[in-house]
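Chain by chain, the residues:
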Amino acid sequence: DAGVIQSPRHEVTEMGQEVTLRCKPISGHDYLFWYRQTMMRGLELLIYFNNNVPIDDSGMPEDRFSAKMPNASFSTLKIQPSEPRDSAVYFCASSLSTVNYGYTFGSGTRLTVV
Amino acid sequence: KQEVTQIPAALSVPEGENLVLNCSFTDSAIYNLQWFRQDPGKGLTSLLLIQSSQREQTSGRLNASLDKSSGRSTLYIAASQPGDSATYLCAVIYQKVTFGIGTKLQVIP
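Protein sequence lines, in the order shown, are assigned to chains A and B.
For any residue, its number in my numbering is found by taking its place in the first sequence, counting from 1, and adding 12.
For any residue, its number in my numbering is found by taking its place in the second sequence, counting from 1, and adding 348.
By construction, these hints were calculated from the structure, which means they are not laboratory data.
Check the hints yourself; a few may be wrong.
[Unchecked claim] Cross-link-like lysine-lysine pairs, in silico, DSS-like; alpha carbons within 27 Å at most:
1) B:K416 x A:K36
2) A:K80 x B:K390
3) B:K390 x B:K452
4) A:K36 x B:K444
5) B:K390 x A:K90
6) B:K416 x B:K390
7) B:K416 x A:K90
8) B:K416 x A:K80
9) A:K80 x B:K444
[As the list claims (entries may be wrong)] Part of the chain B face toward chain A, derived, beta carbon under 10 Å:
10) Q429
11) S433
12) A439
13) F447
14) V455
[Stated by the list, open to error] Listed next, with one range per pair, are the computed distances between beta-carbon atoms:
15) A:Q29 x B:P457: 24 to 34 Å
16) B:V361 x A:G71: 16 to 26 Å
17) B:A377 x A:L108: 13 to 23 Å
18) B:Y442 x A:M52: 38 to 48 Å
19) B:Q402 x A:K90: 13 to 23 Å
20) B:S360 x A:Q29: 35 to 45 Å
21) A:N83 x B:N366: 24 to 34 Å
Built from N, CA and C at the ideal position, the CB exists for glycine as well.
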C-alpha cells in the first residue's frame with residue numbers, strides 16, 4: 013500500500029482565497045483524521061470520520077473550515093476564506109480501528125497564507 | 349480532557365549514549381499509546397504501538413513501556429546514533445488521539 017496520500021505538499025495562497033487540501037487514506041481503514049500542526053500549539057485534531065461519517069468536529073476552529081468525505085477513499089479539508097493565521101502543516105491520518113491499531117500519517121500539506 | 353506532557357522538551361546527547369524520553373497523561377482510560385518520530389519538515393513515522401493490555405514493546409534499539417495506572421510511558425533508545433536526531437511524539441489514543449508537544453532529540457557525533 014502507498015500509505016496515506018496528501019496533496020498538495022505545499023500551498024501558498026493569498027488571504028481571502030479558498031484552499032482545498034486532499035487526502036487518500038489507506039484502503040480498508042475505517043477512520044480518517046485531519047490534524048493541524050503549529051509550533052505554538054503542536055498537533056491539534058480538527059475532525060475525524062468513521063466510515064465516511066463525521067464523528068467529532070469540535071476541533072474545527074471556525075466556520076471557515078469544512079471537511080468532507082464523499083467516499084471511503086477520499087477526503088477534503090476546505091478553508092474559505094483563508095487567513096494568515098491558518099498557516100500551518102495539515103496532516104491527514106487513517107486507522108483500521110482506534111481500539112487495537114495505531115495511526116498512519118500522510119506527509120502533510122504545508123499551507124502558507126500571505 | 350486528556351492532557352499529554354512530554355519531558356524533556358529538548359535533549360542533546362553524545363553518540364552512543366542510552367537515553368529515556370518521558371510521556372505522562374492525565375486520563376488512564378486509553379486504548380493504546382503510540383510513539384512517533386518526526387523529522388524536520390516531514391510527516392510522522394510510527395515507531396511503536398502499545399495496547400492498553402501490554403506493558404512494553406520493543407523494536408530494534410527502541411523499547412517503549414506503558415504504566416496505565418500511573419499515566420506514564422517511556423521510550424528508551426539504546427546506543428543512540430546521529431540518525432536518531434528528530435522530534436519524538438507520544439500519542440495517547442482513546443476515541444481520538446491526544447499528542448504531546450514532543451521531545452526534540454539531537455545526537456551529537
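What hint numbers does the structure not satisfy? 1, 6, 7, 8, 10, 11, 14, 15, 16, 18, 19 and 21
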